[in-house]
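Participant: This is what each chain is made of:
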Amino acid sequence: MADVATRTIDTAGMGADVSIRSLVKRYGPVTAVEDISLAVASGEFLSVLGPSGSGKTTVLMCLAGFEIPSAGSLHIGGREVTALPPNRREIGVIFQRYALFPHMSVRDNVRFPLKMRGMARRQAEAVVEEALATVRLSGFGDRLPAQLSGGQQQRVALARAISFRPPLLLMDEPLSALDKKLREEMQAEIKDLQRRLGLTVIFVTHDQEEALTMSDRIAVMSHGRLEQVGTPEEIYGNPATSFVARFVGETNILPGIVHRRSGQDGTVALDGGGEIAVPLPAERRLAEGSAAEVMLRPEHVAVMPAGSGVNGLAARLVGHSFAGATVALTFEAAGGQRLVARRPARELAGLAPGAEVVLVPEAGQARCFARTGQGA
Amino acid sequence: MNVTTRLPHPAIAAARLAGILGVLFLLIPTLIVVPISVGPDKYLHFPPRGFSLEWYGTLIGDPGWMRAALFSLQIAVLVTLLSTALGTAAALALTRGRLHGARALSVAVLAPIVAPNIVVAVAMYLFFSRLGMSGSLVAFVLAHTVLATPYVVITVSAALAAADPDLELAAMSLGASRSRAFVHATLPLILPGVIAGAVFAFVVSFDEAVVSFFLSSVRDKTLPRKIFEELDYDVSPVVAAVSTVLTFLSVGLLGLAAVLRRRAPRAPATKA
Ligand SMILES: Nc1ncnc2c1ncn2[C@@H]1O[C@H](COP(=O)(O)OP(=O)(O)OP(=O)(O)O)[C@@H](O)[C@H]1O
Ligand SMILES: [Mg+2]
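If you read the protein sequences in the order shown, they are chains D and B. Numbering of the first sequence is given in the UniProt record's numbering, commencing with residue 1 and proceeding in unit increments. Numbering of the second sequence is given in the UniProt record's numbering, commencing with residue 1 and proceeding in unit increments.
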């Protein structure tokens, strides 16, 4: 691999496309991943988002080659890697706890992959310096990992993972050990690095905010299956399942019965009383009379004074919590149904707990799902 | 964490004093052989009436003692090599492998520590005498390896528990084969534990008396067994001299093991 050093770190468009085909992974009786198919484009930043135990790490471990799939195949850059040992896959892997070699200096850590590839020492020195400069850690080469902060350690791990120019970077919750401010800094830094190098990145997280801000696309997992794959806008604005709607962002959940459907529209009679108009696209197989759940984001709930004549749900303010520019208002509607509205902070003026209002869902923003056993 | 390094509370001070006295009480029989060994008397006498290294000279000049010492050394070195390799492999399999019955295996590996030595000794004696190998180097090495391996398993397992298993995965993702990943990522971290285990194994074998008592033949005997025999017909201060040498060698080696275990490199704390 002598050509490693001849490429420069700023060459873009080196990312590999990834194709996961019908991946299954079982551990004895436990099925950790159940029939997942997913294509990631070259240079794409894809987040795998899901609750604990949903199989995110397992997918990553299979891609990295640390686990052998029970069924299915994996392709990276057009090459099948399903049974290839990890050291022959050319993938950079970033671990949650950094996994820096504690007995080696920062420089030796970053040089490790080059040494494994038999690169001459002089040549490797230059590549190491360049990689350290890329993560803004020039001059830290002689330190031991224990002498660095968490953020610095993760940057060393990044430098080490990119020094051998892999076309694909896998990251398993790389920022979860960092505090909020540092995490946001590192998010920006990783995004910047990925863009500059044109890397394909698969990024595992259970932090939906992180996934929404960083990703080109998000794959939402639950119980070893893919719930939805889409852009952050699609995932947030048009969740495919009630699981996605609940897991990504805040949402109000209103149980009811489909009252009337005509074409792409319909209404749902809420269990607590009142009716709400919802879009009912053809793929939502919800017949009239079937149990449904309406999901409404807090920012799509307008608050009107009672008796203003508009159509909506009568409710009473029971509490509010201030969050800088916005305020979250909690209401109780008929039947004890709770609803949260997120409004610009100034709208709180004149509203005191106990105030009677009418809540008006923003047209076309409510989402309706079949009511299943799970959740509420 | 260490409360005792702060202000010594009266109760803590008392406990400390009791501890020191207890240790002294345990050490006195061992330490008493040291002055006896440097006394000029022909018989064991305490306190010594003078100072002489005569008995150490006799010891070195005696082909019987030297033969036993060399035999013991030969056994101990072979046992050290064998049990360090076996014990390290077993510790790896037990802590890192996905073994069915890992629990049963670890009980089996550690059993010789718990089983009474005399039981192990009789079993070994019956086994090897039936094979006609009693008294042979092979019999000693195998028997002592059974006794020494658990110590290696314990020290290496402790070292492995402190080494992050992700390190080996990281090494592999960076281009190292499985074996190179172990050598570069894990071995340097557990090496102090491995060496400490090796030292333990050496001491266990070199000082071992019960099994050796049964396995020794008239011609081939280990140092501890030779001490037994000498005590039987001639209680000379040479025995005290041998005991002194054995004691200092063991204490020195175990001290070394303790230092090594403390100097193991640590993973950096994952700061939040
Ligand atoms: N080595 C293993 N042996 C047995 N079961 C396993 C193993 N690894 C994972 N599992 C199981 O597979 C399922 C998925 O685990 P996985 O680690 O992929 O989840 P995850 O989405 O990464 O969760 P987290 O957010 O907690 O890291 C879990 O039910 C887990 O218990
Ligand atoms: Mg995980």
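None of these hints come from the bench; they were simulated from the model. Keep in mind the model is a prediction, meaning the values are calculated, not measured. Among the hints, erroneous ones may be present.
Chain D regions said to be covered by chain B (calculated; three or more residues, Cβ under 8 Å) [said to hold, decoys possible]: (1) 74-88; (2) 98-107; (3) 111-122.
Straight-line alpha carbon distances no greater than 25 Å define the calculated DMTMM-like cross-link-like pairs of lysine to aspartate or glutamate that follow [as the list claims (entries may be wrong)]: (4) D/191 - D/209; (5) D/115 - B/164; (6) B/42 - B/229; (7) D/115 - D/125; (8) D/115 - B/166.
Short, incomplete list of chain D residues facing chain B, as computed with Cβ under 8 Å [unchecked claim]: (9) 64; (10) 66; (11) 91; (12) 93; (13) 95; (14) 164; (15) 225.
Heads up, the beta-carbon is just placed ideally off N, CA and C, and yes, glycines get one too.
Participant: Using 8 Å as the Cβ threshold, decide whether residue 91 of chain D counts as touching chain B.
Facilitator: 6 Å, holds
Participant: Does the interface hint hold: is residue 66 of chain D within less than 8 Å of chain B, judged Cβ to Cβ?
Facilitator: Holds, about 5 Å.
Participant: Would you mind confirming whether the straight-line C-alpha gap from residue 42 of chain B to residue 229 of chain B stays at or under 25 Å?
Facilitator: 18 Å, holds
Participant: Is the coverage entry for the segment 98-107 of chain D by chain B consistent with the three-residue Cβ rule at 8 Å?
Facilitator: Since 6 is at least three, the answer is holds.
Participant: Are residue 64 of chain D and chain B close enough, Cβ to Cβ, to be under 8 Å, as the hint says?
Facilitator: Result: holds, 6 Å to nearest chain B Cβ.
Participant: For residue 191 of chain D and residue 209 of chain D, compute the direct alpha-carbon distance and say whether it is at most 25 Å.
Facilitator: 14 Å, holds
Participant: Hey, does the residue 164 of chain D contact hint survive, CB to chain B under 8 Å?
Facilitator: 7 Å, holds
Participant: Take a quick look at whether residue 115 of chain D and residue 164 of chain B sit within 25 Å of each other, Cα to Cα.
Facilitator: 22 Å, holds
Participant: CA of residue 115 of chain D to CA of residue 125 of chain D, is that 25 Å or under?
Facilitator: 11 Å, holds
Participant: Confirm or reject the coverage of the segment 111-122 of chain D by chain B under the rule of 3 or more residues with a beta carbon closer than 8 Å to the chain's beta carbons.
Facilitator: Satisfied; 4 residues make the cut.
Participant: Check whether the Cα positions of residue 115 of chain D and residue 166 of chain B lie no farther apart than 25 Å.
Facilitator: Holds, at roughly 19 Å.
Participant: Checking hints one by one. Is residue 225 of chain D an interface residue toward chain B, by the C-beta closer than 8 Å rule?
Facilitator: 25 Å, violated
Checked against the numbered hints above, the structure breaks only hint 15 and satisfies the rest.
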